[in-house]
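Q: Sequence:
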Amino acid sequence: MPFLIRWLIAFVLVAATWNPTPWNFTRWVLDTGTEQLPISVLVGLVLLIGWIIYLRATLRSIGPLGMVLVGAVFAALIWVLVDYGIIDISNPGLNAWLGILIASLVLGIGLSWSIMRRRISGQADVDDVDVE
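Residue numbers for the sequence shown follow our numbering, so the first one is 1 and each next one is one higher.
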C-alpha cells in the first residue's frame, strides 16, 4: 500500500505538470499566467518542490542508470502490449498518458526503492551519520 500511495502522488505530480488535456499547470500558465501571476508562481513552486523531492530521492536510491533501466522495462512492457495488439499507439493522447505513466512509475519506484531493498535484504541504508 505505501508504494501505491507514493506512485499515485508521483502520477498526480507528473500529470498536474503536463498532460494532453487542458487541465494541467503548463496549459493554465500559458493561457492565464500573467493574469493570475501570484497564484501561478505559488502553484509552480509547489510543483517544483514536489519534483525536487521525487527526483532527488530517485537519483539517490536508483541513480540515473536505474532510472533508465526502470523506464526501459516499462517501455518494453508497452512494446509487448502493442505487439500483441492489446493497446494501439496510433492515438497521440494515449501515447502521452503512457509517457506520464512511465515517468510516474520511475519516480514512484525511485522513492520506494530503499524501503523495498531494506525489506528484501534486511539491511538498512545509511546516508547520513550523526557524529557527536
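Since the hints were made in silico from the structure, they are not lab data. Note that the Cβ used here is the ideal one computed from N, Cα and C, for glycine as well. One should not assume that every hint holds.
[Said to hold, decoys possible] Derived CB-CB ranges, DEER-like: (1) F74 to V41: 44 to 52 Å; (2) D83 to P38: 23 to 31 Å; (3) V41 to D83: 27 to 35 Å; (4) L37 to R117: 42 to 50 Å; (5) R118 to N91: 18 to 26 Å; (6) L42 to W18: 12 to 20 Å; (7) I5 to A75: 20 to 28 Å.
Q: Compare the structure with each hint and give your call.
A: Okay, the hints, checked on the actual structure:
1. F74 to V41: 44 to 52 Å: Since F74 and V41 have Cβ atoms about 33 Å apart, the given range 44 to 52 Å is violated.
2. D83 to P38: 23 to 31 Å: violated (49 Å)
3. V41 to D83: 27 to 35 Å: violated (45 Å)
4. L37 to R117: 42 to 50 Å: holds (43 Å)
5. R118 to N91: 18 to 26 Å: violated (40 Å)
6. L42 to W18: 12 to 20 Å: Roughly 18 Å apart at Cβ, these two residues keep to the hinted range, so it holds.
7. I5 to A75: 20 to 28 Å: Taking Cβ atoms as reference, I5 and A75 lie about 24 Å apart, which means the hint holds.
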